[in-house]
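Participant: The residues making up each chain are set out below.
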Amino acid sequence: MDNVLEVRDLTRMAIKEVIPISVLIEVCHTCNENCIHCYLADHTRRGMTTGQYEMLFDQLVDAGTFFVILTGGEPFMRRDFMEIVRMARRRRISVTIFTNGTLITEQLARELASLWVQEVHISVYGADASIHDGITRVPGSFKKSMTAVDLLKKNGITVRFKSPLMSRTADGISELKALAESKDVDLQFTAVITAMNDGNMATTNLRLTDAQLKDLLLDEKIDSHTSQAIERPSTCDCVPCDTVYNGGAIDPFGNVFPCNQLQVCGGNVLEQSFGDIWSNSFAFRNLREMRVDGLDDCDGCSLFLQCTRCPGLALLEDGDIRGCSSAAKRIAKIRRSLGTYPLQNHIFSKI
Amino acid sequence: MEDLYLAKGINVSSRIINNVAYIYLEDRNDLISLNETGSEVWRLVNGKRRTSDIVDHIIKCYDAEPCEVRDIIYSFILDLIGKGALKTSSVPFEGVMAYG
Ligand code: SF4
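Protein chains in written order, with the working numbering: chain P, 1 to 351; chain W, 1001 to 1100.
Hints were generated in silico from the structure; no laboratory data involved.
Nothing here was measured: the structure is a model prediction, and the numbers come from that model.
A few of these clues could be false.
Computed cross-link-like contacts, BS3-like style, restricted to lysine-lysine with a CA-CA straight-line distance of at most 30 Å [stated by the list, open to error]:
{"no.": "1", "chain 1": "P", "residue 1": "K154", "chain 2": "P", "residue 2": "K144"}
{"no.": "2", "chain 1": "P", "residue 1": "K183", "chain 2": "P", "residue 2": "K154"}
{"no.": "3", "chain 1": "P", "residue 1": "K162", "chain 2": "P", "residue 2": "K333"}
{"no.": "4", "chain 1": "W", "residue 1": "K1060", "chain 2": "P", "residue 2": "K153"}
{"no.": "5", "chain 1": "P", "residue 1": "K214", "chain 2": "P", "residue 2": "K144"}
{"no.": "6", "chain 1": "W", "residue 1": "K1083", "chain 2": "P", "residue 2": "K154"}
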């Protein structure tokens, strides 16, 4: 009566059926750190009420959501955060939490374990306090984050380090890898620091330099790649990103986006059900019509096979969801000079 | 098999999509999907029904040969209990975490 599957089978089914199988929820934008690269322009948003989250989870269940990522700001800044986790688990929604970890206590770690939270991702910028605390601008934050890692691990929770790479942290990558290994946690790098969500580009000054990228893009852990170009499928049945088919993101005000990086709002869950927004909003239906051969600059671009364009970044940083993403172009050019091709090419997600 | 109350384990994440139940066992990282009858069994598990309630419902629903169905459902439920996806109790499950 049962059939063993992989998570990617579920994702594929979701894309085919247009089901928001994995939804990211920003429960607040308030934070107890003040990271120099943060994409949030406003840290005062506290988020919806506990009761409104109860209603939201019912709507997510109706829409078919299986996984949620709970994030902030710093989600543990909310006094009711554990209640929000319980609400999701009560409905048997799988929960992953993105946090800086600084507020996690022994008791919270135990409770997260008893609720079978799938993973906790902790932002870590370097292997020692001087680098990490320099990014968070909060002395002592590294020590607290590491204590959280130990508490979570002790309680059997899968922990992952998330490390957005910046020019000033790049030198410490080997030490960070060693730290992750010593803590027995997985480590996930991001090579691009994005603009702030109000379009302010100041954070992009923190990006890796070209010279650093040349070095780091050869590292499998940072850019999984091949030396052979992946065959380019017909672009007419390919979409620039599949998040609008299987994703979704909700900000602290209840606004619904396809992804927290793609600032196209479909509606607000305080005015309309999540499922209705997901299926019927004009903005989302319009996004689902987009095809790769309708991207003004990309179709025929000589960097197409080296590029991992994100439509959200193209819109946020370059002002045109159908145009070239300057951030993607920069990295694509470096891949070309290195003779590498990305293993996952978001430009041609096939539906 | 004793006629016990059944609830979905808190170690489980699950959703019924287009009448197919998908179950993820968080402690084993295993994902399974259930066929039509299995999905109906899964839908019926709510902490307040006993195994016999569920079997009776399925027999009625599918107009099937009772003995055969009973054996199949019982062994399916035992399998899910063995995997840790279902919990049993001699009294109805209390508390909101049994909602599932
Ligand atoms: S985003 Fe720019 S560099 Fe990348 S394929 Fe499109 S046009 Fe070319």
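Participant: Determine for every hint whether it applies to the structure shown.
Facilitator: We went through each hint and held it up to the structure:
The straight-line distance between the Cα atoms of K154/P and K144/P is roughly 15 Å, inside the 30 Å bound, and the hint therefore holds. A hinted pair counts as satisfied when its Cα atoms are at most 30 Å apart, and K183/P with K154/P qualifies at roughly 11 Å. Taking the CA atoms of K162/P and K333/P, the gap is near 25 Å; set against the 30 Å cutoff, the hint holds. Between K1060/W and K153/P the CA atoms are separated by roughly 48 Å; this puts the pair beyond 30 Å, and the hint is violated.
For the given pair, K214/P sits about 33 Å from K144/P by alpha-carbon distance, which is inconsistent with the 30 Å threshold. Taking the CA atoms of K1083/W and K154/P, the gap is about 24 Å. The hint holds against a cut of 30 Å.
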